[in-house]
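Asker: Listed below are the residues making up each chain.
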Amino acid sequence: MLWVDKYRPRALDKIIAHEEIAQNLKKLVSEHDCPHLLFYGPTGSGKKTLVMALLKQMFGPGVEKVKLENKMWKIDAGTRMIELELTTLSSTHHVEMNPSDAGFQDRHIVQEIIKEMARNRPVDTKGKKGFKVLVLNEVDKLSREGQHSLRRTMEKYSASCRLILCCNSSSKVTEAVRSRCLNIRVNAPTEEQIIKVLEFIGKKENLQLPPGFTARIAAQSNRNLRRAILSFETCRVQQYPFTVNQALPPLDWEQYVSEIASDIMKEQSPKRLFSVRGKIYELLGNCIPPEIILKKLLSELLKKLDSELKHEVCHWAAYYCRTIQ
Amino acid sequence: MSICFPSQFPGPAKPSSPIRVFDAEEESRAGALLLGRGGRWGPRLRHLRRSLFLQARIEIRDGGEEETPRSGLKEEPTLGVTGWACGSWCYMLAYICTSEIPGSFNIAQRLNLICLLKNSVIIFMISAKHQVEEVKRWLEERMKQPKEGIENCVLITGRSGVGKSTAIHVIASLLGADLCEWMSPTPTLWEEHVHNSNSGIQYMSKLDEFESFIEKIRKYSLLHGAYAEELRKPTVLLIDDIPVAFNPITENSIKKTLTRICQEEKCDVPAQWIDHIARVSGGDIRHAITSLQYCCIKTVKSFPVHESVPNDTHDELKSGSPSLLLSASSGDGNINPQISLPWGRDEKITLFHALGKFLHNKRETPHAFALAPDLFTLKKKYARNPLKMDSPEEVLLQAHGQARTIMDFLHENVLDFVSDEATDSGWVVNSYLSDADYMLASILHPKFRRITETNESDSVRELVAASVAVRGVLFGNSHPSPSRWHTIRTPKLWQIEQTSRHSKIQMLPERFATYGTSSFCSLSSVATEYRPTIKWFYSPVNVHAHDNISESLHWEDDMDCTDGSLEGKKSGESEEDDIEDW
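Protein chains in written order, with full-length UniProt numbering: chain Z, 1 to 325; chain P, 1 to 582.
No lab work stands behind these hints: they were computed from the structure.
There's no promise every hint is true.
[Claimed, not checked] Lysine to aspartate or glutamate pairs mimicking EDC-like chemistry, simulated, CA-CA at most 20 Å apart: (1) Z:Lys-26 x Z:Glu-64; (2) Z:Lys-304 x Z:Glu-267; (3) Z:Lys-279 x P:Asp-416; (4) Z:Lys-156 x Z:Glu-116; (5) Z:Lys-6 x P:Glu-510; (6) Z:Lys-6 x Z:Glu-205; (7) Z:Lys-279 x P:Glu-412; (8) Z:Lys-271 x P:Glu-510; (9) Z:Lys-115 x Z:Glu-85; (10) P:Lys-535 x Z:Glu-233; (11) Z:Lys-65 x P:Glu-510.
[Said to hold, decoys possible] Some chain P residues near chain Z, calculated using beta-carbon distances under 8 Å: (12) Lys-381; (13) Ala-383; (14) Gly-426; (15) Lys-492; (16) Ile-496; (17) Ser-500; (18) Met-507.
Note that this is a predicted model, so its numbers are computed, not measured.
We put the beta carbon where it would ideally sit given N, CA and C, even for glycine.
All chains, full assembly: derive it from the sequences and hints.
Answerer: Okay, here's the thing in structure tokens:
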């Protein structure tokens, strides 16, 4: 098991990076109920960890017993039947899924599954009707229609289920959905917090940490906790005991992007444009999301560009980042 | 002499085929007559009768003596002419193989007949009268004084249906020459040959085939040397299908011809129809006549006459307001694309032809046009020479290209056509392509779609997107690289989309492996964080292995997708907008 998973805090009390949020969430669910929640923040900041810890707080260890289901949904869309396949993770208390996997059919998913869940309301020991929690990932990738139907179902079934939504950017979630949720912003952890986490792991693993080593990893991680831990573990695999100047393993695609950036700087011609395009195609073929490539490419270019060109390049990067959505 | 339907026009007429007199039925079914062959053709002409196609009256004179039409028929002998269809471009080469003129040939007689033929030619080759005469004169010359080498060749070019083949047929028979037609064989491509190589078929290039054809003719004429008279005949060799142009026949002359036919056939065809047919035929008289014949069938009652109304207005627009850029660039005298007859001649071009037009971006030279002073002038930066083609939208229409396909092909190939220094052009082109792609993405990707939008607006958007893409390419590529041979590549994007879909499917199970199988992880973090890290675990190579990066990026190449259950889920739509325009 990777350290990222091994040392993931399972309870709200044990959370290191976002202690304050964790405590507030704990208070929120102390009465075994909560409003709809929307977690948003950059990748690797700990949204999902918080969600899982929250669920455990609400329902106890039962939520960790999940089963993976690949279910076919037959949806009557008026004129025709739509068949959709969706993978879900579910326990007795919650269901987790990626509705955007369904592509442009996502609104049916949202509607149908929530309906189904509302039908099978769990009954708790006291005979009181409980509620289920639906965890939806990548809500920002939902289509507009999907988000609209999400809004409707949120109201309709609010008695029987709670929604926990996760996304990177709340700006891509419609106003209507946002206003129906308690928005929780999960910041990227600061470098100090990351260092703290890394040192915690190091202690647990009984590692000798040279001074400044964790700080270097933290600095390189771009305030992404997951990435920091992953690269920490990579270092451990490659060379132990650690040395002060140990090279940190770069991510291959990032290196490739910086190669592209230097290609761009070296020569500007239609031919070069073509070869650069080929390289970007390759990254896309490996499922690196285009907006992430664009972002990385921009930051690499900004390192090398003259200051008067920076503004122009940023402008076009922003423009194309918008159009590739 | 032979009768034939245009579609099955025979190759070289047999030297001694008997004269046939058509019966009424055959006649009505419309055939084409060819002139008799050889030197003895006086009497043959007598039997030439009316055919449904082109008609010409020929007064037959033989040695100055007038011949009366046979059997007292009122109608005069006529000559039917049809070309030999062999594709849109029909080229011929007349080549005289023999070096002798039949001495027995009566020059006076021939001259006389040539005079006769002139009449007929005037009628047939309305537009190309002088050209035909030239050809004929030339042939005559050659026959009188044959020369060695290349001078014995004449090249006749022109659009299909203007009557190139016919001219040669007629001239050759008038001059009493043997006509051998080189029927261009179906070319065997090298790939085909490789494919067939096991079956024992020998590869033969077109040139070799041609040589052997010539050889055959020589031997053939030697064989027939026994028939002393035949030997002396000059031979005209007709070669079709050589890539080289008769002017298209003018609208007016087509109209005249059609009217003539109508009179002959006593068909009551309104003048409007004739006008229309003539306009639509685009100078192809053969097509025009066939159309007319179709019109004359009694069952065709309704003719789309109303279409002539928008056409007129179109013309008015053209002449009245020259500032309309679109109509100005579409060129004058073009067929209004909105009009299509059920039997109409729709110009079709292949996708690659269209792409070639767009990519090569051929334009008039600056001095060839002069802007009218009253037109608003553009800044120099935006001004471009007029296009050497129809308006791009029209070309798109003819090519029946789908916007997505066209754009992908343009996107893939356009950079080859931008000259090396012109980085800015490359940028402009790509930014237009990006805009067009954005427009198209909003159609295909329902994320942007509003429920109220109909298919109609989608198709309009698709057209607009294609137009933006094509015009963007034409406008942006202001410094095209010097034209040379380019191969058009298949868009690599398609391949990449497939790869990306494939690797996405592989990643789907991986995201459950994280979080200790208690939760999902987003695909992007699998791709950007977990996978690279895990790779470090399993291949503890040198950290500084920069060189291997591009190779190591091919994670998915050696694995194959066995997880079919997830296949259906990932439909293509999610990748549609993965196009980068940098």
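Asker: A separate judgement is required for each hint: does it hold in the structure or not?
Answerer: Against the structure, the hints:
For a cut-off of 20 Å, the pair hint linking Lys-26 of chain Z to Glu-64 of chain Z stands: about 18 Å separates their Cα positions. Restraint check for Lys-304 of chain Z and Glu-267 of chain Z: the C-alpha separation of about 13 Å stays at or below 20 Å, so the hint holds. At roughly 17 Å between alpha-carbon atoms, Lys-279 of chain Z and Asp-416 of chain P fall within 20 Å of each other, so this suggested pair holds. The hinted pair formed by Lys-156 of chain Z and Glu-116 of chain Z meets the criterion: a straight-line CA distance of about 13 Å does not exceed 20 Å.
The suggested pairing of Lys-6 of chain Z with Glu-510 of chain P holds, with an alpha-carbon distance near 17 Å, which does not exceed 20 Å. For the hint pairing Lys-6 of chain Z with Glu-205 of chain Z, the CA-to-CA distance comes to about 11 Å; that is within 20 Å, so the pair holds. Between Lys-279 of chain Z and Glu-412 of chain P, the direct Cα distance comes to roughly 14 Å. Compliance with the 20 Å bound is thereby established for this hinted pair. At roughly 38 Å between alpha-carbon atoms, Lys-271 of chain Z and Glu-510 of chain P are farther apart than 20 Å, so this suggested pair is violated.
Straight-line distance between C-alpha atoms of Lys-115 of chain Z and Glu-85 of chain Z comes to about 17 Å, which keeps the hinted pair within the 20 Å bound. Straight-line distance between C-alpha atoms of Lys-535 of chain P and Glu-233 of chain Z comes to about 12 Å, which keeps the hinted pair within the 20 Å bound. Between the alpha carbons of Lys-65 of chain Z and Glu-510 of chain P the distance comes to roughly 19 Å, so the proposed pair stays at or under 20 Å and holds. Evaluation of the Lys-381 of chain P hint against chain Z yields a violated restraint, the C-beta minimum of about 18 Å exceeding 8 Å.
Proximity of Ala-383 of chain P to chain Z is violated relative to the hint, the smallest CB-CB distance being about 22 Å (cut-off 8 Å). Taken as an interface hint, Gly-426 of chain P checks out: its beta carbon lies about 4 Å from the nearest beta carbon of chain Z, inside 8 Å. Interface hint at Lys-492 of chain P: satisfied, since its Cβ lies 6 Å from the closest Cβ of chain Z, which is below the 8 Å cut-off. At a threshold of 8 Å, the smallest CB-CB gap from Ile-496 of chain P to chain Z is about 4 Å, leaving the interface hint in force.
Interface hint at Ser-500 of chain P: satisfied, since its Cβ lies 5 Å from the closest Cβ of chain Z, which is below the 8 Å cut-off. Restraint check, Met-507 of chain P versus chain Z: the minimum CB separation of about 6 Å is within 8 Å; hint holds.
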